[in-house]
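Student: Each chain is listed here by its residues.
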Amino acid sequence: MDNDNKVTTQVIETEVPMGTIHSAALEPYRLRLFVEDEIVRDAELTVGVNHRGIERIMEGLPVEKANSLTEKICGICSNSHIWNSCLVAEKGLEIDVPPRAEYIRIIMEELERLHSHLLYLAHGSEVLGHETFAMRLFYIRETVMELLRMIGGNRVQYGASIIGGVRPRCDLDEMRIQKIIEGMDYVEEKVLDFADRFIRDPMVMSRISGIAAITKEDARRLATTGPSLRATGIGEDLRLDMKQYEPFEFDVITQDTGDVKANLLMRVLEIPESIKIIRQAIKDLPDGKITNRSWEMQDTDIIRSYIEVPRGKLYHSYKIEDGRVRNSIVRTPSITNINTMEFACIGTHITDAQLAIVQCDPCFTCTDRAVQIVDQPFRKNRII
Amino acid sequence: MGLKSYSRARAVHVMLVYTGGCNGCDIEIVNCIFSPKYDAEQYKVFLTWNPREADVLVVTGPVTKHVEEPLKAIYESIPEPKAVVAAGACATMGGVYKNIYGDIPSEEIAGPVDEIIPVAAKIPGCAVRPEDVLSGVVAALPLLLNAK
Ligand code: SF4
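Just so you know, the sequences run in chain order X and P.
Under this note's numbering, the first residue of the first sequence carries the number 2, and numbering increases by one thereafter.
Under this note's numbering, the first residue of the second sequence carries the number 2, and numbering increases by one thereafter.
Excised from the complex, chain X in its bound form (with noise of 0.2 Å):
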C-alpha cells in the first residue's frame, strides 16, 4: 500500500462519516473511515451515546438490588452480568452454590452463548446481504428463545441467577428437561446444516475470505478477546480455569486466519460445543436444593470476578459496605474489541469494513460505560 502512495500524484482522501443511527447497525455508534481511493486507511469508532452511568448509580444499592440492575447492562448477555455479579459477592462472603444450581447457571448461560452467536451469525449474515441465511438462522435462534423463556420466564433479562443459587422459578423439571433435549436436538441438527450450506457457497466464501485479517500479534497487541481472538489461532478460553467448567468436556476451538471468514466459522463451530455442554449438565444433573439461603451479609473487601462470556471475559468487581454496593467496576469485553474493529478496518475495501467491523461482534451498550480519555480528539488532520 505504501507503494500506492508514491506512485499516485493526487491523492484523493475523503472522510465518510457513519451514524450514529444508520442501517447497518442496531446500535448507535459513530464511525469515521478515513478512505483514499476506496481504500480504509484509518478508522475511529466513537461510542459514548448510550452512556447511562450504570456503576454511578449502582452506588450505595443494596446488594440484591445491584445484582439485578447489572442485567441491564446489556440485552444480549444479560445472563453473564447477573451471573458474574451473584459470583463476587458470594465470593466475598464466601457462600457456597448447590451443586444443582451450579449445573442450571451453566446451561443458562450456555443458552444465553448459543443466541448470541446464532444472533452474531444472523446479523453477519445480513450485512453480507444474505437474506435467507440471516432468516433462518433466526428461526433457528427462536428455539433457543424459547428455552429461555420457559425457563426463564422472559426471552431476554431471565434473572435466573439470585446470590446462593437460581431463582425458585428456574428450577428444571422432567418436562423442562425433556424441552431442552428436543431443543438442543433441533437446534444441532439445523446449525450443522447451515454449516454444510454455508461453507459450500462459493459466493459468500469469496466474500469474507481473506477480508479484515488480524495476525495473532496485533490481537495480542490490542488485548483482543474471545472469539475473536481464538478466530486468531490462541486458544485461550476463560472456561477452562473456572471451576464452574470443571466437570465438563468441551474442546476449545480456533481458527487460524483471524478473517472474517474466521469468525463466523468460529461461531458456528461454538455452537456444537454449548450444545455438549447443556447436554452433559442435563446428564448429570445433581438432585437438591437450589438455593442455599443460610448466609450473612459482611462488609468485605473489594472482590474481582472474572468469567468467559459469549464476547470473551468479563469483569465486576465492588466491595460491600452495610449490605450496600460500593466502589462497582465493570469491565465488558467489548471495549477492548472496539480497537480490534477499527484495526480491522484498515487497508480493506470500503464496502468490506462493515463486515470488519461486525466479524468481532460488536455490542456497544455494555461498552458504553467507559470514560475515554482522548488525547487528540480530532483525528482528522493526522497526516495519513
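It is possible that part of the hints are untrue.
[Unchecked claim] Pair by pair, the computed Cβ-Cβ distance ranges are:
| no. | chain 1 | residue 1 | chain 2 | residue 2 | range |
| --- | --- | --- | --- | --- | --- |
| 1 | X | N155 | P | W50 | 24 to 30 Å |
| 2 | P | Y102 | X | G234 | 44 to 50 Å |
| 3 | P | E42 | X | K180 | 27 to 33 Å |
| 4 | P | N100 | X | E247 | 37 to 43 Å |
| 5 | X | I182 | P | E42 | 31 to 37 Å |
| 6 | P | E42 | X | K284 | 39 to 45 Å |
| 7 | P | P71 | X | L193 | 42 to 48 Å |
| 8 | X | R150 | P | T49 | 24 to 30 Å |
| 9 | X | L193 | P | G3 | 48 to 54 Å |
| 10 | X | K284 | P | R11 | 49 to 55 Å |
| 11 | P | T49 | X | E175 | 42 to 48 Å |
| 12 | X | M136 | P | A74 | 30 to 36 Å |
Since the hints were made in silico from the structure, they are not lab data.
Remember, predicted model here, so these are calculated numbers, not experimental data.
Every residue, glycine too, gets a C-beta built ideally from N, C-alpha and C.
Based on the hints, put chain P with the ligand in the right spot on chain X.
Tutor: Same frame as chain X, now just chain P with the ligand:
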C-alpha cells in the same frame, strides 16, 4: 376508507430508534418485524431506517441526554401523519436507569420519551414481548389511517 388510508394501511413503515436502553428491546422488535416466527412483514409492516419514509416511530430506551436532540430531529423529519410508540419499561417511564434510587441520582437520562416527543402508544415490558410490539403498533395505526 379513502384512497389515502387504503394505501397507508398497505405499507406501514416502522422506524426504530435506540436511545440508550440495553439492546434487549431492540433485538426483540427487529426480531418481531423481521424474523420468520412473528414476521410482521406479512401484515405489511416494514422496518426502515429512513425517517422520511417512516410512519411509525418506535422508540426504545430511556433517552440519554446525548440523543435528546437527535430524537427530536428524527421526529421532526418524519412526514405527517405519524405516530410514536414507546417500547419497553425504559421508554415508558425511564426504567431502572431513572428510578433505581441509589446514592447518586442518574444525571444522564433526559427521558422518558413522552417528555420529549408526543407518544401515541406505550408498550410495557422489560424486555417487550414481540406479541405486545405488534399490538402496540396496531394500536397506533388508527392515528395514521384516519388522518386527513
Ligand atoms: S426496557 Fe428492559 S429490556 Fe428494554 S431496553 Fe430497557 S432495560 Fe433493556
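Student: Next, verify each hint and record whether it holds.
Tutor: Consistency of the hints with the structure:
| no. | hint | result |
| --- | --- | --- |
| 1 | X:N155 / P:W50: 24 to 30 Å | holds, 27 Å |
| 2 | P:Y102 / X:G234: 44 to 50 Å | holds, 48 Å |
| 3 | P:E42 / X:K180: 27 to 33 Å | holds, 29 Å |
| 4 | P:N100 / X:E247: 37 to 43 Å | holds, 40 Å |
| 5 | X:I182 / P:E42: 31 to 37 Å | holds, 33 Å |
| 6 | P:E42 / X:K284: 39 to 45 Å | holds, 41 Å |
| 7 | P:P71 / X:L193: 42 to 48 Å | holds, 43 Å |
| 8 | X:R150 / P:T49: 24 to 30 Å | holds, 28 Å |
| 9 | X:L193 / P:G3: 48 to 54 Å | holds, 53 Å |
| 10 | X:K284 / P:R11: 49 to 55 Å | holds, 52 Å |
| 11 | P:T49 / X:E175: 42 to 48 Å | holds, 46 Å |
| 12 | X:M136 / P:A74: 30 to 36 Å | holds, 32 Å |
The structure is consistent with each of the numbered hints, conforming to all of them.
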